[in-house]
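Q: Residues in the sequence shown are numbered consecutively from 1389, following the working numbering.
All the pointers check out, no bait thrown in.
Under the rule of at most 30 Å between Cα atoms (straight-line distance), these lysine-lysine pairs were calculated in the DSSO-like manner:
hint, residue 1, residue 2
1, 1542, 1498
2, 1414, 1500
3, 1498, 1414
4, 1499, 1570
5, 1433, 1570
6, 1414, 1433
7, 1542, 1570
8, 1500, 1433
9, 1499, 1414
10, 1542, 1433
11, 1542, 1500
Okay, the calculated beta carbon distance ranges per label pair:
hint, residue 1, residue 2, range
12, 1400, 1610, 36 to 46 Å
13, 1458, 1494, 14 to 24 Å
14, 1411, 1458, 19 to 29 Å
15, 1460, 1415, 16 to 26 Å
16, 1472, 1559, 13 to 23 Å
17, 1479, 1399, 27 to 37 Å
18, 1409, 1459, 22 to 32 Å
Keep in mind that the hints were calculated from the coordinates and are not lab data. Just so it is clear, CB atoms sit at the ideal spot from N, CA and C, and this is done for glycine as well.
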Amino acid sequence: MLNISGLTSGYGPVEVLHGLSLYINKGEIVAVIGPNGAGKSTLLKTIVGLISPQNGSILFQDRSIERQPPEYVLDRGIALVPEGRRVFAGLTVLENLHMGAYLERDSSRKKKQIDYIYDLFPRLEERHQQLSGTLSGGEQQQLAIARALMSRPKMLLLDEPSLGLAPVIVEVVIDLINSLRKEGLTIILVEQNIHQALEISDRAYVLVNGSIRMSGSASQLLETGVDMEKAYLGEKI
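The task is simple: from the sequences and hints, build the whole structure.
A: Here it is in structure tokens:
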């Protein structure tokens, strides 16, 4: 579904990703794990067109999307839930949802998607007229995911969805991710929490200093234990 080959990307003259290659199959949850500064967020931003790569190719459903604007990538079916949630604090919950569907011109289709979102997130329906900046951290994370789902994506990119959340709320987010997988949504999950990410993923890539240090099935990587921790820390294994 998504094939990345020889991807080099970064910020201006600063190269963050160094010839990275990976693939994502339809219906998978694939984790990208690694320490701070490994390039995980840079990878997601490059996929969705927020950063233009210096070299390499990104194919989504056999179509090239590298160096395309974010609107094009979103219209093709890839949506990003950014790190830190980034909800529009001065807008209501409902207004945030409408922002997620800004490419949709059919009002009836938009209304149908909002109904779907409210079924998935009953709490958001209860608070649909509340300013998003007054929601709890967990509610804001639900809203950030819901806003991304408003575009009816084929692939969802989640950047640190558990960051700053209480453990009980993290479990809610994990349950939601599993529910989306059952609906057939393909997910790339960026997480610093190794075991949490691997427990809900099919496969994973360990990213260190802009390069893939390890990859494999989630169960295999969980079994590697010490070796994976060495890779995570950038040590040779």
